[in-house]
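Colleague: Chains as they are written, first to last, in the working numbering: chain A, 120 to 410; chain B, 120 to 410; chain C, 120 to 410; chain D, 120 to 410; chain E, 120 to 410; chain F, 120 to 410.
One thing to keep in mind: the hints can contain errors.
Copies of the same chain look alike in the list, so a pair counts if it works inside one copy or between any two.
Here are the simulated lysine-lysine pairs, DSSO-like style, with alpha carbons at most 27 Å apart [claimed, not checked]:
{"id": "1", "residue 1": "Lys321", "residue 2": "Lys308"}
{"id": "2", "residue 1": "Lys173", "residue 2": "Lys298"}
{"id": "3", "residue 1": "Lys122", "residue 2": "Lys298"}
{"id": "4", "residue 1": "Lys173", "residue 2": "Lys308"}
{"id": "5", "residue 1": "Lys372", "residue 2": "Lys308"}
{"id": "6", "residue 1": "Lys173", "residue 2": "Lys209"}
{"id": "7", "residue 1": "Lys129", "residue 2": "Lys321"}
{"id": "8", "residue 1": "Lys173", "residue 2": "Lys122"}
{"id": "9", "residue 1": "Lys122", "residue 2": "Lys321"}
{"id": "10", "residue 1": "Lys129", "residue 2": "Lys308"}
{"id": "11", "residue 1": "Lys129", "residue 2": "Lys298"}
{"id": "12", "residue 1": "Lys329", "residue 2": "Lys129"}
{"id": "13", "residue 1": "Lys327", "residue 2": "Lys173"}
{"id": "14", "residue 1": "Lys329", "residue 2": "Lys173"}
In case anyone wonders, no lab produced these hints; they're calculated from the structure.
6 protein chains.
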Amino acid sequence: MVKPWDGESKVGGIGLMGAPLSKPSISLSGASQSPSVIRQMFSSLSTYAIEEEKDLENERITDFGDVEMHLTNIPESHNRIYETFTHVMKEQPEMVPVILGGDHSISYPSIKAFAENKERVGIIQFDAHHDLRNREDGGTGNGTPFRALIEEGVIRGDQLIQIGIRNFSNSRPYHEYGKEQGVTVFTMKDVREQGMTELLQKSITQLKSKVDVIYISLDMDVLDQAFAPGCPAIGPGGMTSDDLLEGIRMLAKEPMVQGMDIVEIDPTVDFRNMTTKLAAYVILTFMVNRG
Amino acid sequence: MVKPWDGESKVGGIGLMGAPLSKPSISLSGASQSPSVIRQMFSSLSTYAIEEEKDLENERITDFGDVEMHLTNIPESHNRIYETFTHVMKEQPEMVPVILGGDHSISYPSIKAFAENKERVGIIQFDAHHDLRNREDGGTGNGTPFRALIEEGVIRGDQLIQIGIRNFSNSRPYHEYGKEQGVTVFTMKDVREQGMTELLQKSITQLKSKVDVIYISLDMDVLDQAFAPGCPAIGPGGMTSDDLLEGIRMLAKEPMVQGMDIVEIDPTVDFRNMTTKLAAYVILTFMVNRG
Amino acid sequence: MVKPWDGESKVGGIGLMGAPLSKPSISLSGASQSPSVIRQMFSSLSTYAIEEEKDLENERITDFGDVEMHLTNIPESHNRIYETFTHVMKEQPEMVPVILGGDHSISYPSIKAFAENKERVGIIQFDAHHDLRNREDGGTGNGTPFRALIEEGVIRGDQLIQIGIRNFSNSRPYHEYGKEQGVTVFTMKDVREQGMTELLQKSITQLKSKVDVIYISLDMDVLDQAFAPGCPAIGPGGMTSDDLLEGIRMLAKEPMVQGMDIVEIDPTVDFRNMTTKLAAYVILTFMVNRG
Amino acid sequence: MVKPWDGESKVGGIGLMGAPLSKPSISLSGASQSPSVIRQMFSSLSTYAIEEEKDLENERITDFGDVEMHLTNIPESHNRIYETFTHVMKEQPEMVPVILGGDHSISYPSIKAFAENKERVGIIQFDAHHDLRNREDGGTGNGTPFRALIEEGVIRGDQLIQIGIRNFSNSRPYHEYGKEQGVTVFTMKDVREQGMTELLQKSITQLKSKVDVIYISLDMDVLDQAFAPGCPAIGPGGMTSDDLLEGIRMLAKEPMVQGMDIVEIDPTVDFRNMTTKLAAYVILTFMVNRG
Amino acid sequence: MVKPWDGESKVGGIGLMGAPLSKPSISLSGASQSPSVIRQMFSSLSTYAIEEEKDLENERITDFGDVEMHLTNIPESHNRIYETFTHVMKEQPEMVPVILGGDHSISYPSIKAFAENKERVGIIQFDAHHDLRNREDGGTGNGTPFRALIEEGVIRGDQLIQIGIRNFSNSRPYHEYGKEQGVTVFTMKDVREQGMTELLQKSITQLKSKVDVIYISLDMDVLDQAFAPGCPAIGPGGMTSDDLLEGIRMLAKEPMVQGMDIVEIDPTVDFRNMTTKLAAYVILTFMVNRG
Amino acid sequence: MVKPWDGESKVGGIGLMGAPLSKPSISLSGASQSPSVIRQMFSSLSTYAIEEEKDLENERITDFGDVEMHLTNIPESHNRIYETFTHVMKEQPEMVPVILGGDHSISYPSIKAFAENKERVGIIQFDAHHDLRNREDGGTGNGTPFRALIEEGVIRGDQLIQIGIRNFSNSRPYHEYGKEQGVTVFTMKDVREQGMTELLQKSITQLKSKVDVIYISLDMDVLDQAFAPGCPAIGPGGMTSDDLLEGIRMLAKEPMVQGMDIVEIDPTVDFRNMTTKLAAYVILTFMVNRG
Ligand SMILES: [Ca+2]
Ligand SMILES: [Ca+2]
Ligand SMILES: [Ca+2]
Ligand SMILES: [Ca+2]
Ligand SMILES: [Ca+2]
Ligand SMILES: [Ca+2]
Ligand SMILES: [Ca+2]
Ligand SMILES: [Ca+2]
Ligand SMILES: [Ca+2]
Ligand SMILES: [Ca+2]
Ligand SMILES: [Ca+2]
Ligand SMILES: [Ca+2]
């Protein structure tokens with residue numbers, strides 16, 4: 120289903136791009152191995168969506184491969200992600216990029232590249248964490264990407280909607296920073312009480328007035344540990360995979376949604392590739408509900 | 120609770136029969152070890168169902184042991200399953216056979232033996248997959264049992280109801296083959312939207328006009344990977360164990376249901392025997408709701 | 120968030136006390152390692168509850184450390200738990216003790232110590248099992264604590280409410296013993312059909328007329344195996360972690376609730392500390408809903 | 120090869136007796152599961168010793184089963200071992216008992232029972248550790264059996280020879296206690312420099328003047344961690360399995376050797392049952408070189 | 120270092136051929152995954168042999184890929200191995216085939232194909248087991264390949280030398296069958312007492328008078344479990360990897376040695392690919408000592 | 120045995136310093152966790168060396184803690200190691216530093232700091248690999264430390280002796296670079312044929328004429344994979360732990376030896392902490408043979 124880019128064609132559907140970087144992570148992370156494992160998982164899935172009676176056979180995913188990382192220069196690695204993705208997205212204006220992290224730090228250069236090629240960008244971030252830490256202490260790590268995007272002026276705070284933020288997983292100052300910046304935050308309590316569909320309807324309505332395109336940043340640790348056992352920062356109190364898939368089906372149908380990344384899966388600690396399997400399933404669910 | 124057959128008695132309740140065969144599986148599978156591990160799991164469970172305040176103490180399960188498999192002749196192994204089960208079921212007309220696989224290939228000889236001893240047989244198959252692949256390429260493997268039953272005339276397509284069929288887990292041609300043959304298919308979308316109870320009511324109503332007895336073929340991979348981590352083909356998007364148990368409670372109460380198999384658990388890749396524990400729990404749930 | 124007791128202060132909030140004992144367990148159990156692992160899990164959690172927008176920073180947990188166990192004299196170990204906790208609770212009348220087991224046998228000396236310092240004590244026990252076995256055969260093991268409390272006159276049977284009792288996990292005689300003694304039993308069927316909130320409202324109403332304070336005894340195996348993979352006696356058919364957290368939020372708001380223990384987690388068989396993470400999350404959820 | 124005792128016969132060869140007790144261990148130990156796992160390992164071995172061209176088919180091992188342990192009373196469990204083994208050994212004067220631990224604490228009641236039925240007993244203990252700790256602190260644990268035997272007058276210190284004692288694994292006071300009591304100690308340096316055969320020749324010569332029979336107490340942690348990965352107290356600097364088997368072959372040929380125990384294997388932490396496999400191999404090696 | 124065959128060239132050095140078949144194994148075996156894992160291991164090794172100061176850069180290994188197996192027809196799978204290898208070896212008379220199993224059953228069709236293209240073939244089999252079981256019971260499994268070769272007249276018994284045969288791992292009748300047939304057997308005792316070099320000198324001398332070429336059949340379970348933890352039939356009492364590599368260096372220098380297989384590694388139970396790493400190391404050691 | 124530095128005292132014996140950095144590693148490595156795990160391993164070892172009958176009780180190890188690493192700036196992390204160690208070594212001229220990596224990249228700043236405080240430094244490097252890669256491609260990674268030391272003029276090539284270099288683990292150009300620079304290389308073949316003692320005698324003799332002090336850089340992957348299963352780059356063909364300990368005992372007695380590092384252990388992939396246990400054992404073996 121996934122085929123390598125031939126080096127020439129203009130791509131109409133999904134373009135897969137790997138950012139195999141997890142050295143910026145606060146705790147030891149093998150998320151750099153995710154792009155290759157997610158690709159393997161595709162090979163164990165079929166193209167046929169029986170629920171929608173739709174076959175993706177003729178809409179295969181084009182794979183642009185991985186950006187090569189520098190061994191010891193992390194800012195250079197981030198820069199290579201930015202440069203490469205900027206170039207590919209410019210060459211492929213019709214393509215919907217789906218970026219495979221890596222840890223969440225890769226969303227900073229990825230979204231920066233995405234924004235360069237689009238008008239105003241709105242972000243729907245699924246995450247247990249704000250990822251709004253300051254960058255003075257440790258540079259651009261996996262706790263800072265959205266802070267970096269705001270501070271560098273790539274987005275304004277009110278272009279960012281965070282869904283699934285969880286208790287005991289964030290410090291108050293970052294929540295307050297988000298509020299000051301106008302970030303919309305839906306906690307897990309909101310998910311439990313209002314449901315995914317309602318939250319996303321609100322989110323899309325709100326973004327429509329402010330942005331031209333929407334980018335989904337999916338940190339898999341938004342899921343409860345029972346459903347995503349392979350994230351570095353697993354924990355209880357998160358959403359089910361059914362909640363997430365319900366959200367993906369809805370977002371796929373929204374034409375403003377034009378890009379996505381999936382981050383924070385460490386295949387070396389996963390159980391039987393459950394979490395990368397789910398990531399591949401999310402991408403196919405997006406595709407089948409797209410057209 | 121489980122006691123070996125004494126070699127003579129007529130058995131009234133459940134008769135356990137093991138088919139420890141998984142060499143026909145497409146991917147490496149230790150499902151051949153399931154019968155012995157499921158038996159161990161029984162020994163860690165009690166006979167008392169507090170929810171129903173009913174004790175199964177006096178309705179113990181009779182264990183007919185395992186069919187001995189041939190080391191290198193797989194068709195011969197299938198044949199031994201067929202011959203043995205035909206013999207036992209003939210000798211034990213009152214018994215409700217519960218067959219422990221093995222991979223799903225064992226359902227072909229098992230149901231063939233079951234049908235030989237009954238009138239028309241309806242099948243309710245819980246599965247993420249159709250298992251309707253053609254047999255030209257690889258013989259009777261774990262992807263073909265229901266194709267084989269239809270092609271060999273054991274059942275007609277409209278005697279088969281498949282529940283829990285999943286996206287990206289099946290090829291379109293097999294869905295189409297099923298439709299041509301009159302197979303009823305309820306996808307996971309149907310399960311999510313209509314609920315197990317409603318689907319099963321429809322299923323039983325539909326079968327009642329066509330068959331005399333119903334056989335449940337339970338491929339544990341119908342469950343979401345979070346609830347059945349030990350199936351060879353785990354994946355996301357499946358049902359919960361609560362969904363399944365709700366279904367089992369309902370089917371147990373239907374007198375037409377006269378047989379069952381439980382297949383596709385590989386204890387060598389399971390986590391702490393979760394999946395075989397659930398299989399044993401399913402059997403006891405069936406028993407307690409039976410009488 | 121957790122700080123050791125300074126040896127002097129009167130403690131107002133939660134006082135953590137470890138009872139690292141699991142030699143009384145029927146099957147091999149490393150639950151003795153839970154207190155230290157749960158403490159480690161706290162260090163990976165923040166104090167901020169975004170759902171309630173409340174920071175626990177100034178209500179940190181006071182840690183009284185672990186009771187030292189005897190190497191080979193189990194009754195002496197139980198006695199040390201009783202003596203130590205009696206002493207601490209007497210010195211700290213305002214403190215809400217949260218006791219980290221160990222296996223469930225530690226609830227006997229723990230609740231006995233708790234009761235000594237309070238008027239009449241009601242117990243809400245979350246558990247798949249009654250734990251009402253007789254003590255003639257094996258002394259005070261992890262299957263007997265509530266039998267021991269009743270037989271020793273620490274509580275009457277009608278002061279005990281059991282929630283989450285499960286099929287095929289208990290023998291009938293212990294259910295009958297419970298009924299004779301006036302124990303209230305809510306099975307998993309009750310949880311599924313009535314919901315946690317309703318069951319707990321009934322429970323509190325019922326206890327209010329009989330007791331002065333309520334103690335929660337939380338055996339983590341009340342959870343389904345998918346949500347608490349690290350309990351010695353995992354199994355299917357249990358509650359979700361959402362069910363449990365809903366219950367904890369409600370109980371925390373009830374001022375009569377004055378103590379708690381969390382038992383039966385074996386970190387040596389857990390998957391990525393999921394179960395101890397959940398235990399720490401339960402304690403923080405209790406705290407944040409308390410005040 | 121191993122057959123259960125028929126309840127009557129006088130046994131000529133090896134009599135297997137299980138002491139499934141590891142609650143006295145200082146660190147968490149599943150050594151209680153060793154007897155059953157070692158028995159399983161026998162079933163994967165044949166009776167034929169090609170090196171000696173000798174078949175053990177007609178000298179099968181008689182299995183007296185396991186002593187049943189008390190759930191919470193450890194001294195009672197030790198006592199049951201002592202009582203049961205005393206009884207069996209008295210009834211079976213020709214039998215060579217091979218006792219399967221359990222942790223090393225079981226050697227105290229086992230050797231006491233052995234000594235009761237024999238004249239003066241010499242012990243050749245293979246171990247990384249002296250096991251001469253005092254019993255004031257924790258009773259009879261797995262660090263005290265030889266202290267207990269000396270203090271209770273079962274043996275004098277000069278009847279004990281320790282082989283394989285290792286650096287950084289023992290406290291000086293216990294070495295000194297051993298010297299005061301006349302215990303002979305061969306360290307791993309002695310093993311490396313003199314070789315197993317020479318050490319054992321010295322040992323036997325020395326014991327011959329003092330005792331009537333010799334008992335081998337084999338703590339598997341005498342082996343280097345690469346060869347016995349399943350011992351609770353694994354470490355580097357130990358002997359190879361070849362060293363040990365060389366010693367066993369030699370000791371088997373010595374008619375004074377009349378009993379043995381094998382202790383301190385925890386199958387729950389082993390790698391692919393390597394250590395229990397080696398234990399079974401040791402017993403067969405003993406048998407084949409015996410007669 | 121390993122490059123796929125271009126479909127045309129005549130190959131001078133080593134030709135790699137995979138036989139990914141382990142369904143004929145007596146116990147569950149994932150040895151079918153070995154060919155692909157051994158290939159991965161090559162990619163983590165360099166071409167440079169510093170001990171010999173020789174670079175294999177220009178003598179790369181040609182990879183003919185894997186024979187495709189039938190899903191359920193095991194004799195057909197064996198036949199495909201035979202047909203394919205016969206064809207390749209005929210086309211490539213200069214090539215030294217190195218065959219990657221698979222279980223040991225694949226040596227029967229492999230050596231039959233090898234023999235077809237050569238004059239008289241001598242076999243040096245490294246193995247803990249004779250593999251001389253009869254085929255009446257289970258057909259050509261992984262315990263029968265050398266019996267099959269003798270019975271089918273591919274070799275006479277005196278063309279077979281077995282090295283490393285181990286105690287308690289073989290039944291006497293198969294040893295006797297071997298002796299009757301003139302098979303030369305060197306047990307582990309011979310390896311320990313005479314050393315690998317001496318045994319191999321004897322072996323080569325003996326074969327020289329009887330055969331034209333020598334084929335090495337390397338069952339990795341000839342190694343002690345500490346050195347080959349990933350074999351299905353691991354056990355103690357085997358040789359070290361140093362012993363084996365010493366043997367390989369010697370055999371590589373013997374021009375009569377013209378083929379080899381490496382079998383019985385199950386990567387799914389190995390520890391960190393130790394055993395497949397060693398297999399790749401063996402092949403390179405063979406190459407570097409060859410020229 | 121290990122006590123934290125009091126912030127004032129002059130240290131006479133061993134000073135432990137942690138460099139928890141493994142982000143410069145070519146493959147994913149958790150070697151950053153080694154310092155803390157090695158410290159835990161000390162706590163399970165005693166101070167008494169029975170082989171030498173010497174107690175280290177009064178020569179405890181002083182622990183200077185870990186250097187704090189930067190989250191995303193690897194050169195800054197290396198610089199912090201250099202600055203911190205330079206400072207500590209200057210303040211503690213009598214101390215023998217023992218540095219716990221981390222990956223081998225930390226030896227560059229560590230040895231640079233060591234050299235700054237000493238006259239000419241000789242290095243005895245135990246390693247399977249040269250670690251002489253160029254730094255153009257990836258900066259100072261774990262394959263370059265000795266190249267960096269030579270290129271930066273910290274040592275000349277003839278001040279470096281490499282022991283245990285292995286086949287198929289190095290590229291020829293780096294061997295040639297080493298020869299050009301006058302590096303002495305002893306391969307595993309040299310170790311097998313000449314023995315550790317002889318190689319080290321040659322090494323010390325050779326260094327004596329050129330340097331004032333000797334520093335041991337111990338990459339644990341010099342050991343065979345059977346003895347050090349927790350190194351990132353495990354493989355066959357290496358030395359035994361006995362070989363290594365023999366070398367350490369000899370080097371400890373040489374007064375010129377004044378510093379050491381131990382690197383390349385990844386506790387997250389080790390088996391039961393075998394490799395960190397061995398590291399702690401190496402340090403104690405060094406100490407006991409020192410004085
Ligand atoms: Ca994130
Ligand atoms: Ca996150
Ligand atoms: Ca199926
Ligand atoms: Ca299926
Ligand atoms: Ca309980
Ligand atoms: Ca329980
Ligand atoms: Ca011992
Ligand atoms: Ca010991
Ligand atoms: Ca073989
Ligand atoms: Ca073999
Ligand atoms: Ca290195
Ligand atoms: Ca290295």
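Colleague: Give a verdict on every hint.
Modeller: Consistency of the hints with the structure:
no.	hint	verdict
1	Lys321 <-> Lys308	both (16 Å within a copy, 24 Å between copies)
2	Lys173 <-> Lys298	between (42 Å within a copy, 15 Å between copies)
3	Lys122 <-> Lys298	neither (43 Å within a copy, 31 Å between copies)
4	Lys173 <-> Lys308	between (35 Å within a copy, 14 Å between copies)
5	Lys372 <-> Lys308	both (25 Å within a copy, 17 Å between copies)
6	Lys173 <-> Lys209	neither (30 Å within a copy, 45 Å between copies)
7	Lys129 <-> Lys321	neither (34 Å within a copy, 48 Å between copies)
8	Lys173 <-> Lys122	within (19 Å within a copy, 40 Å between copies)
9	Lys122 <-> Lys321	neither (36 Å within a copy, 42 Å between copies)
10	Lys129 <-> Lys308	neither (43 Å within a copy, 34 Å between copies)
11	Lys129 <-> Lys298	neither (41 Å within a copy, 37 Å between copies)
12	Lys329 <-> Lys129	neither (29 Å within a copy, 54 Å between copies)
13	Lys327 <-> Lys173	neither (29 Å within a copy, 32 Å between copies)
14	Lys329 <-> Lys173	neither (34 Å within a copy, 31 Å between copies)
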